[in-house]
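So you can see what is in the structure, the chains are spelled out below.
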Amino acid sequence: MSGEDAGVYLLSDDLALVQTVDFFPPIVDDPKAFGRIAAANALSDIYAMGARPLTAMNIVAFPKKLCGEVLEAVLLGGYDKVHEAGAVVIGGHTIEDDEPKYGLAVTGIVDPARMMTVSAASKGDALVITKALGTGVIATALKAGMAAREVVQAATDSMMLLNRSASEAFLARGVRACTDVTGFGLMGHLSEILNASEVSATLWEGSIPLLPGAVELAAQGMLPEGAYANREGVEVEAPGVTREVLDCMYDPQTSGGLLACVKGDRVDELLAELRKSCPRAAVIGEVTGGDTGSIKVLPGKE
Amino acid sequence: MDVVDARGVACPIPVTMTRNALEKSQSAVVVLVDNNTACENVSRFANSQGCEVEISQREGGFELKLTPGEKPVEKKADEKPTADVAFLVTSDELGQGERELGLRLMRMFLYTAAESGGKGTAVFMNTGVRLAAEDEEAAASISRLAGQGWKVLVCGTCLDYYGLKDSLKAGTVSNMYEIQSALVGAGSVVSL
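One line per chain: the protein sequences are Z and C, in this order. The numbering of the first sequence is our numbering, which starts it at 38 and goes up by one. The numbering of the second sequence is our numbering, which starts it at 466 and goes up by one.
FYI, nobody ran anything at the bench for these hints, they're computed from the structure. Treat the hints with care, since some could be wrong.
A short, non-exhaustive set of chain C residues, derived as facing chain Z with CB atoms under 8 Å [claimed, not checked]: (1) LYS489; (2) MET641; (3) GLU643.
Fair warning: this is a prediction, and the values are worked out from it, not measured in the lab. Glycine residues also receive a C-beta, built at the ideal position from the N, C-alpha and C atoms.
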C-alpha cells in the first residue's frame, strides 16, 4: 500500500500492526499545550486508519538549558493525550539540540477488514471534515506577534483535540475512506484520496469550517511557506471563491481533523454524533465521477 | 525612501519588518525579498494596510514599492479603538512620592474615571498590571470601566513577569502589537 497515513504490517488474517511517527518544533508558547498537540498529532495517523493505539515512544530533542521544568511540562502534556487515547508511553529517546522538538512514535492494531484507507472513496459519498482549518496561518501570525490571544486559544484547543471519537464514529458506521488533514492541507490530502480512489470532488466554499481569525490573518500575509507549496502541488477550479478561504484550504495543518468519505444516507446521523466531540465537524462537499483527482470549488451546495 | 532588506529571512519575518517600517515612515517604503512566499505575503500585508503595491523583478528576487494611501497606516477599522482617549498606566502608583499616597491617588483616579462615564481605552503595563490583578479596589473600578464599553488592555508579558497571569480580575490580556495600535490610534494619550 502506498500513500496511507501509517505503515501497516499484517500479523494474521484479522490483525495488522499500524505504526507511525511524527515530531516537530514548538508551535505554541505553552509547553504543556505543545506536548498535547504533538501527541494528538502523532496519534492522528493511527486514527485516520481506523486503528487503536496501544503504545507510544517519546522522541525528544531539547537544549540543555530547557531540560528542567519546560521539558517536563511538554512530556506531561504528551502523557495526557496518550492516556486519553487509552495507550501507554513505554519509552523514548532524548538528544541535545539547540531547537526543541518533540513527538512520538505510535504503534496500534487494526482489523484489516475494517481498516480505513485513502483508496475507498466512491462517487456520491459526502465529504466530512472534523476540525476547522487555519492552524498554519495562525501559527505564523503567532510568530509574527499578530495573532490575538483568543485566536491562538481557539487554534490550540482545536489542535489538542484527539481524533479518537471522530475515528470511532466513522468506524461504527462502516466508513472505509479516511485520512487526516495535516501538512499538505485540505486540498493536498483530498487530492490523495481522489487519486487513490480514481474519483473527483466538488467542495462548497460556504461549508468549509474555518478557525476564528484565519481569514483575516491570511489577508494580512500570514501564510506559511507550506501553503504556497501546497497550492503549487494541487490545481483546483475555483472561480469566484474568496482568496483567503482558498488559502485556508491549502494551509498546512498541525493536528488537523479527519477527512472521510461517507455514504449519503448515513451523513445526518453521523454529523449529529460527531458534533458532540468535534463541534466544527461539517459536510464540505461530495465525491463525484469526473476526471480522476480533479477538484472544483463552488460557492455553496446547489 | 526607507529600504527594508528582507532577503535571506523566512516568513513571517519579512512581514513584521515591513510592518515596522510602515509604522515609522510617512512616505513610500521599498522592501527587498528573495522568494515568492515573502513577495506575496508582504504584498498582501501592504494591501491590507491600504498601501499601493508596485512589484518589480530584480536579480535574485523582487523589489516591492509600498505607497501608503490617504489614511494613516495602521490596523483594520474594526480593530481600531472606537474611543478618543487612552490612559496609559505604567505603574500602580500615581506620581512619585510616598508609595501609600501614590497607590491611593491611583485608586481614586480609576474610581473617578469609572464615575465620569464616556468611553476610551485603558492600557495597563509594568507594575500597572497589579491594579487589574491584585488590588481589589482598583480592579473593581477597572471592571466598571470595561462594563461601560471601555477597552481595557492588560500587558500579558507584564502579568507573566510578575506571576499574575492567573489572578487577573479585570480587563483583557493583550500584546504589544495590540497595545501599540490602540495608543497610536487614540486621539489623545494620557500617561499615568
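Each hint, compared with the structure:
The interface hint given for LYS489/C is violated, since its Cβ lies 16 Å from the closest Cβ of chain Z, which is over the 8 Å cut-off. Taking 8 Å as the C-beta cut-off, the interface hint given for MET641/C holds, the closest approach to chain Z being about 7 Å. For GLU643/C, the interface hint holds, since its Cβ comes within 8 Å of a Cβ in chain Z; the closest pair sits about 7 Å apart.
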